[in-house]
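J.: If you're matching them up, the sequences are chains A and B in order.
Quick note on the working numbering: the first sequence kicks off at 1 and runs consecutively.
Quick note on the working numbering: the second sequence kicks off at 1001 and runs consecutively.
None of these hints come from the bench; they were simulated from the model.
Among these hints, one or two may not hold up.
[Unchecked claim] Examples of chain A residues lying across from chain B (beta carbon under 8 Å, computed):
#1 Phe9
#2 Arg13
#3 Tyr33
#4 Ala41
#5 Ile86
#6 Phe88
#7 Tyr96
#8 Leu98
#9 Phe100
#10 Gly103
#11 Val106
[As the list claims (entries may be wrong)] Reference excerpt, derived from the structure (chain A facing chain B, CB under 8 Å, subset only):
#12 Gly42
#13 Tyr48
#14 Ile49
#15 Lys97
Glycine included, each C-beta is placed from N, C-alpha and C at the ideal position.
Okay, here's what each chain looks like letter by letter:
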Amino acid sequence: GEDVEQSLFLSVREGDSSVINCTYTDSSSTYLYWYKQEPGAGLQLLTYIFSNMDMKQDQRLTVLLNKKDKHLSLRIADTQTGDSAIYFCAESSNDYKLSFGAGTTVTVRA
Amino acid sequence: DTAVSQTPKYLVTQMGNDKSIKCEQNLGHDTMYWYKQDSKKFLKIMFSYNNKELIINETVPNRFSPKSPDKAHLNLHINSLELGDSAVYFCASSVRGGGYTFGSGTRLTVV
């Protein structure tokens, strides 16, 4: 989407950390999300962060938010082959619409 | 015990036909959505309903008509199907201040 941008591809070696970056334009965004989509499957909510937070950690996942720069990142520690998927960044500035980025395809190589 | 379920999972149909996709959620959410994912994996909102009331209609052709008989259901009816309607359609639901839960998608192929 034009309001949310993310790089299209990331290749990472198994065991390394992955960092997926996202920028958004809407300064009134209240929630920011990361979704994972495996081939042929639906969208799985990985984590989300409220705009007044700057970091959230959940097991191998760390979300960093720089509200001033409107930059969101998702770090996956100890990346595994099962982490290969498309990762979507999304933002919500009202209760009735979620705007998605184009998705980052993460490929984990042995 | 599926949270957001949509049927059918796959739909292959000829141009010009009319088809429906059904969606049900058992999460008690008051807002439901339809999203379209195109061949490039881009996701775009089509409609959102809050308490059975249409809130967002994102310039979707009027061949697409959503219907929400109650808070737990949001169906999508498509008239006069065109080749360009081929996509994966996702239903979702949410509660205010929470994450959105998506169904597993309906892959529509128009031939």
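J.: Look at each hint and say if it fits the structure.
T.: Each hint, compared with the structure:
Annotation: Phe9(A) was flagged as interfacial toward chain B, and the flag is violated, the nearest CB pair being 12 Å apart, outside 8 Å. Annotation: Arg13(A) was flagged as interfacial toward chain B, and the flag is violated, the nearest CB pair being 24 Å apart, outside 8 Å. Look at Tyr33(A): its Cβ gets to within about 7 Å of chain B, closer than 8 Å, so that hint holds up. Hint on Ala41(A) holds. Least Cβ distance to chain B is approximately 7 Å, under the 8 Å limit.
Satisfaction of the interface hint for Ile86(A) is found here, the shortest Cβ-Cβ separation to chain B being roughly 6 Å, below the 8 Å cut-off. The beta carbon of Phe88(A) comes within 7 Å of a beta carbon in chain B, closer than 8 Å, and the hint placing it at the interface holds. Because the smallest distance between the Cβ of Tyr96(A) and any Cβ of chain B comes to about 4 Å, under 8 Å, the interface hint for this residue holds. A hinted interface residue such as Leu98(A) counts as satisfied when its beta carbon comes closer than 8 Å to some beta carbon of chain B; here the least separation is about 5 Å, so the hint holds.
With a least beta-carbon distance of about 4 Å to chain B, the hint placing Phe100(A) at the interface is held under the 8 Å criterion. Given hint, Gly103(A) at the interface with chain B, holds; its Cβ is 5 Å from that chain's nearest Cβ, closer than 8 Å. Among the interface hints, the one on Val106(A) is violated; its C-beta lies about 13 Å from the nearest C-beta in chain B, farther than the 8 Å criterion. For Gly42(A), the interface hint holds, the least distance from its beta-carbon to any beta-carbon of chain B being 4 Å, beneath 8 Å.
Hint status for Tyr48(A): holds, given a least beta-carbon distance of 5 Å to chain B, under 8 Å. Evaluation of the Ile49(A) hint against chain B yields a violated restraint, the C-beta minimum of about 11 Å exceeding 8 Å. Checking Lys97(A) against chain B: minimum C-beta separation of about 5 Å stays under 8 Å; hint holds.
In summary, the numbered hints that this structure violates are 1, 2, 11 and 14.
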